[in-house]
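Undergrad: Using the working numbering, the first residue of the sequence shown is number 1, and each one after it goes up by one.
The hints are simulated quantities; they were obtained by calculation from the structure and are not laboratory data. You may find that some hints are simply not true.
Taking lysine to aspartate or glutamate and the EDC-like style, the derived pairs with C-alpha atoms no more than 16 Å apart in a straight line are [to be verified]:
id, residue 1, residue 2
1, 3, 26
2, 125, 98
3, 182, 28
4, 196, 217
5, 154, 23
6, 182, 26
7, 107, 126
8, 196, 172
9, 154, 172
10, 18, 28
11, 107, 95
12, 3, 23
13, 125, 106
14, 154, 26
15, 154, 28
16, 154, 171
17, 3, 98
18, 116, 98
19, 182, 202
20, 196, 224
21, 18, 5
22, 125, 95
23, 13, 26
24, 154, 113
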Amino acid sequence: MLKVEGLNVYYDKIHAVKDVSFEVRDGEICTLIGANGAGKTTILQTISGLLRARSGTITFNGADITTLPPHRILQRGLAQVPEGRRVFAQMTVLENLEMGAFTRRDKAGVQADLEKVFGWFPRLKERIRQPAGTLSGGEQQMLAMGRALMSTPKMLLLDEPSMGLAPILVDEIFSIIQAVNKSGVTVLLVEQNAAKALEIADYSYVLSTGSVVGAGEARSMLSDASVRSAYLG
1 MLKVEGLNVY
11 YDKIHAVKDV
21 SFEVRDGEIC
31 TLIGANGAGK
41 TTILQTISGL
51 LRARSGTITF
61 NGADITTLPP
71 HRILQRGLAQ
81 VPEGRRVFAQ
91 MTVLENLEMG
101 AFTRRDKAGV
111 QADLEKVFGW
121 FPRLKERIRQ
131 PAGTLSGGEQ
141 QMLAMGRALM
151 STPKMLLLDE
161 PSMGLAPILV
171 DEIFSIIQAV
181 NKSGVTVLLV
191 EQNAAKALEI
201 ADYSYVLSTG
211 SVVGAGEARS
221 MLSDASVRSA
231 YLG
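Using the sequences provided together with the hints, build the complete structure.
TA: In structure tokens:
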């Protein structure tokens, strides 16, 4: 579904992503793991059009999206949940979710998807009229995911969904990621909690200082000695 080939991304003169290539298959959960500064977030932002690649290509469902603007990439079915949630704090939960559907014109479909999101995140329905800025960190993460899902994506890019959350909430968020995936949404997951990511993923790529240094089935990586010592403790 997604193919990244020879990707190079710079911040001014800093070479942040170095000749990265990987692919994500339709229907799977794929994870990118690595230490802080490995280039994980930069890769997601480049895929979603927020950053421009110096060179390389990004292909989504057979079409080259390397130079498309973010809203065109979203319309093709690729939505990102950014690091740090980035909800619209002054707007209500409902208004945030409606913003996720801004490219859509099918009112009945939007309403049906709203109920689907509330099925995954019942707490959001309980707080439907509450300003998003007053939600807890976990609830804001749920809202950010729900907002992205309102665009009916074929693929969801998740950037550090467990950041700053209590362990019990981390388990809940990861269970929901699996449920969303089972509903037919392919997932590309960037996650500092490598052990948790590898538990739910099908395939994984290991990044170090902007380069891919390893790849394999996620379950086998859990027992790989070099991966364990570097990322799992």
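Undergrad: Starting from the hint list further up, note which numbers the structure goes against and sort them upward.
TA: 7, 9, 10, 13, 16, 17, 23
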